[in-house]
Amino acid sequence: MSAEPAAGGFRALGTSVTVLADQPAGLPFALAAVREVVEEVDRTCSRFREDSELAAVVRSAGTPVSISPVLADAWSAAIRAAEATDGLVDPTVASAVRAWGYDRDFAAVPPTGPPLHVRVKAVPGWRTVAWDPTTRTVTLPRGVELDLGATAKAWAADRAAARAADRAGCPVLVSLGGDLAIAGPVRPGGWDVRIVDDHAAGPDVDGPVVAVDAGGVATSSTTVRRWHRGEVLVHHVIDPRTGAPAQTCWRTVTVAAGTCADANAASTAAIVLGHEAPAWLAARRLPARLVDVDGAVRTVAGWPGDDRPGVAA
Amino acid sequence: MSSFGRDQGLRTVRRATAWVAGGALAAAGTFAVVLGWPTGSGASTNGATDSTTTPAGAATASPGSDGAGATSPSVTGHRSTPSTTLVTPRSTPRSSRRHASVSSGGS
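Residue numbers (my numbering), protein chains in the order written: chain A, 1 to 313; chain B, 1 to 107.
Treat the hints with caution; some may be incorrect.
Derived list of chain A stretches under chain B, where covered just means 3 residues or more per stretch with a C-beta under 8 Å from a C-beta of chain B [as the list claims (entries may be wrong)]: (1) 154 to 166; (2) 186 to 198.
Facing chain B, according to a computed beta carbon distance under 10 Å, are these residues of chain A, among others [said to hold, decoys possible]: (3) 7; (4) 32; (5) 36; (6) 40; (7) 176; (8) 210; (9) 265.
Label pairs and their in silico Cβ distance ranges [what the hints assert, rightly or not]: (10) B:92 with A:25: 10 to 20 Å; (11) B:97 with A:282: 35 to 45 Å; (12) B:83 with A:282: 46 to 56 Å; (13) B:91 with A:283: 33 to 43 Å; (14) A:185 with B:92: 15 to 25 Å; (15) B:90 with A:200: 26 to 36 Å.
Simulated from the structure, these hints should not be mistaken for lab results.
By construction, the Cβ of each residue, glycine as well, lies at the ideal position given by its N, Cα and C atoms.
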């Protein structure tokens with residue numbers, strides 16, 4: 001049995017950040033590295049900060065803009081997610097997200113509000129954005145806005161975990177709001193991760209525990225970032241095909257993949273896909289646990305069942 | 001876990017969205033929509049009014065050309081690798097009875 005890892009954390013990006021280090025002596029270095037990454041991602045990719053680089057790019061729509069290496073990497077991650085999911089995860093959902101009321105840091109989004117009048121239509125689509133990776137030049141069509149929120153957090157977790165493991169000199173796990181990335185040598189016994197609807201759930205909330213050796217685990221859910229407008233309950237997972245909150249049979253989907261970014265792309269796509277998600281995930285050999293709106297659990301591609309005996313402690 | 005309230009709320013979303021899909025306009029002042037509900041990979045907009053949102057999208061979209069799929073316009077210099085696939089994990093998660101210091105969940 002592995003010893004308990006050393007743990008630390010802080011709040012950033014509108015959510016909680018947890019850092020686990022296999023060696024206690026490495027934790028301060030890991031925490032410092034994660035703070036660096038999170039701060040640079042916030043400065044660069046936030047759609048809620050007027051001074052972010054992303055906001056400047058959006059203001060320059062219609063004009064080619066040379067972007068920083070950090071934003072270029074974040075944009076590449078967003079493109080990758082869009083390509084790999086056939087557009088089910090799309091960074092041009094910003095206008096739609098805003099239209100449905102998520103127009104500021106979520107903590108400041110009123111939980112209730114007057115009825116909305118929303119045009120339901122497909123988002124512009126990521127292919128409308130011109131991108132030259134050799135010069136790191138991006139050109140947004142006029143009127144198109146970007147939201148990297150669907151991918152940047154998971155991508156940042158991968159980036160933070162890699163830097164933290166390098167600085168700490170030991171295996172590290174980084175959680176950014178429940179999106180988990182693992183870096184460094186494989187830890188004996190792996191990392192134990194509880195699966196829940198809300199990553200901030202207290203210890204009294206039950207959830208299966210799985211051991212994970214490498215890569216990333218991400219959970220997408222319609223139960224956490226949601227709000228009422230009029231009598232309608234709205235959530236933040238937008239279906240790019242409609243520009244509306246995904247009409248889905250799943251309340252929570254958890255996926256394991258080679259990276260946190262890929263796990264997150266798959267879990268978000270699964271929410272959008274609805275009933276087609278299990279087959280879609282299985283075809284890609286992505287282990288996943290899906291919970292429907294009535295609480296029934298389905299697992300695919302080797303994800304253990306909730307009631308399966310655990311490994312030796 | 002107690003999920004009655006959450007599930008009830010999600011059912012409300014499902015009912016509401018299905019109702020939107022059916023093309024109904026809001027009764028009792030809930031909300032009104034103008035439908036561009038997609039069929040297949042494309043999407044269409046009916047051009048009706050009563051929209052107070054997504055002005056950006058409206059400015060750049062045209063009926064039949066604003067889908068997220070095959071109808072998207074090509075863009076010079078855009079990298080396109082349709083074969084991009086998500087990377088599978090090196091090992092499959094396995095059940096554990098140990099205590100977990102971290103949770104994966106929605107945020």
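Results for each hint:
no. : hint                        : in the structure
1   : 154 to 166                  : violated (count 0)
2   : 186 to 198                  : holds (count 10)
3   : 7                           : 5 Å, holds
4   : 32                          : 19 Å, violated
5   : 36                          : 20 Å, violated
6   : 40                          : 20 Å, violated
7   : 176                         : 8 Å, holds
8   : 210                         : 4 Å, holds
9   : 265                         : 6 Å, holds
10  : B:92 with A:25: 10 to 20 Å  : 31 Å, violated
11  : B:97 with A:282: 35 to 45 Å : 27 Å, violated
12  : B:83 with A:282: 46 to 56 Å : 19 Å, violated
13  : B:91 with A:283: 33 to 43 Å : 19 Å, violated
14  : A:185 with B:92: 15 to 25 Å : 19 Å, holds
15  : B:90 with A:200: 26 to 36 Å : 28 Å, holds
Of the numbered hints given earlier, the model fails hints 1, 4, 5, 6, 10, 11, 12, 13; all others are met.
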